[in-house]
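Take full-length UniProt numbering: the last position of the sequence shown gets the number 145, and nothing is skipped along the way.
Take the hints with a grain of salt, since some may be wrong.
Unchecked claim - No farther apart than 35 Å at their CA atoms in a straight line, the calculated lysine-lysine pairs in the DSBU-like style are these:
1. 126 to 99
2. 104 to 4
3. 142 to 4
4. 15 to 136
5. 79 to 142
6. 25 to 104
7. 15 to 25
It should be emphasised that the hints constitute simulated quantities derived from the structure, not laboratory data.
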Amino acid sequence: EFLKSIGVDVAFNYKKDKISDVLEKEGPIDIYWDNVGGESLEAALEACNDHARVICCGAISAYNGTPQPIKNWMYFLTKRLTVRGFIVGELEAQVGNPKVFYEKMVPLVANGQIKWNEHVFEGLDKAGDAILAVQKGDNTAKTVV
């Protein structure tokens, strides 16, 4: 629901729906934001349009196990995909002066133009529960303790 509220065309629960089935029905993909890697990335690459853009921001499927190699890497070439890694920690260097960022961002958050969702665990005694929820994929948004 949150993703649709911010303009995402197709949102689905990867735990309930087979990714390749959803992408076959809803595709093709022009822009894909990947936080998962593994099987999800494989299915997305197959469903990409020519000249699609792929943003890699995480690989949670490999955090607790062995990373899977990309088997269909030829799509990078044959579909002429643009793939870019994205690490949040780099933003400060790209933005320059953090004060300028906050001067622009705070009003956008305050007036509702920037939307967010968070999964809050109240109190430090809940930190372990929060970490476990993230590792198991039970969190519904950015997890905050």
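Exercise for the section: Sort out which numbered hints this structure fails and list those numbers smallest first. Expected result: 6
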